[in-house]
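Novice: Please construct the entire structure, taking both the sequences and the accompanying hints into account.
Protein chains: 2
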Amino acid sequence: MDFYEVIGLVAAFITTASFLPQVFKTYKTKDTSGLSLTMYTTFFVGIVLWLIYGIHLKSLPMILANSITAISSLFLVIMKLKYK
Amino acid sequence: MDFYEVIGLVAAFITTASFLPQVFKTYKTKDTSGLSLTMYTTFFVGIVLWLIYGIHLKSLPMILANSITAISSLFLVIMKLKYK
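Residue numbers (the UniProt record's numbering), protein chains in the order written: chain A, 1 to 84; chain B, 1 to 84.
No lab work stands behind these hints, which were simulated from the structure alone. Take the hints with a grain of salt, since some may be wrong.
The list treats identical chains as interchangeable, and a pair is accepted whether it falls inside one copy or across any two copies.
DMTMM-like mimics (lysine to aspartate or glutamate), calculated; alpha carbons at most 20 Å apart, straight line [to be verified]:
#1 K58 to E5
#2 K82 to D31
#3 K25 to D2
#4 K58 to D2
#5 K80 to D31
#6 K84 to D31
#7 K25 to E5
#8 K28 to D2
#9 K84 to E5
#10 K58 to D31
Specialist: Encoded structure:
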């Protein structure tokens with residue numbers, strides 16, 4: 001594995017990790033009042049497109065990061081619809 | 001420009017655009033109480049690493065999205081330090 005692939009994996013880990021506290025907080029409190037449905041739905045669509053692009057580039061960091069973030073943001077959208 | 005490059009550019013536009021309302025809101029209100037300094041500092045570092053990785057891949061969507069998001073998240077860190 002080359003140097004830049006490691007940079008990409010660290011980037012994937014950091015940005016994915018910075019998104020997870022919101023997911024855990026929402027799961028725990030069921031409080032979705034601070035979440036914008038439009039924003040998270042749009043964000044989810046964007047992440048799915050990044051995932052498609054990452055698969056095309058055969059980039060492991062992009063596939064990993066965007067898979068986890070797609071699932072997480074879809075989860076937030078579902079929580080918002082369920083508990084609004 | 002091929003199909004996947006367009007997918008990447010749309011992804012870049014969407015995820016960058018979903019980040020900007022926070023930036024404008026913070027600039028306008030100077031209210032940084034809801035922002036986590038640790039989260040945004042960590043996020044900034046992650047985005048800079050994505051930018052380095054994107055430059056390595058010669059990916060225009062990654063370079064564009066991560067440049068704008070790096071500047072935006074650095075701006076939020078500076079606002080947090082200034083108005084905390």
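Novice: For every hint, state whether the structure bears it out.
Specialist: Hint check results:
When the C-alpha separation of K58 and E5 is checked against a cutoff of 20 Å, the pair qualifies both within a copy, at 11 Å, and between copies, at 14 Å. Taking the shortest alpha-carbon separations for K82 and D31, only the intra-copy value of 11 Å comes in at or below 20 Å, while the best inter-copy value is 30 Å. Taking the shortest Cα distances, K25 and D2 never come within 20 Å of each other, neither inside one copy (36 Å) nor across copies (40 Å). Taking identical chains as interchangeable, the C-alpha atoms of K58 and D2 lie at most 20 Å apart whether they share a chain (14 Å) or sit on different chains (16 Å).
In this assembly of identical chains, K80 and D31 lie within 20 Å of each other by CA distance solely inside one copy; the values are 8 Å within and 25 Å between copies. Taking the shortest alpha-carbon separations for K84 and D31, only the intra-copy value of 8 Å comes in at or below 20 Å, while the best inter-copy value is 25 Å. For the homomeric pair K25 and E5, neither the shortest alpha-carbon distance inside one copy (31 Å) nor that between copies (35 Å) is at most 20 Å. In this assembly of identical chains, the alpha carbons of K28 and D2 never lie at most 20 Å apart, being 39 Å within a copy and 43 Å across copies at closest.
In this assembly of identical chains, the alpha carbons of K84 and E5 never lie at most 20 Å apart, being 41 Å within a copy and 37 Å across copies at closest. For the identical chains of this complex, K58 and D31 are neighbours neither inside a copy (37 Å) nor across copies (41 Å), given an alpha-carbon limit of 20 Å.
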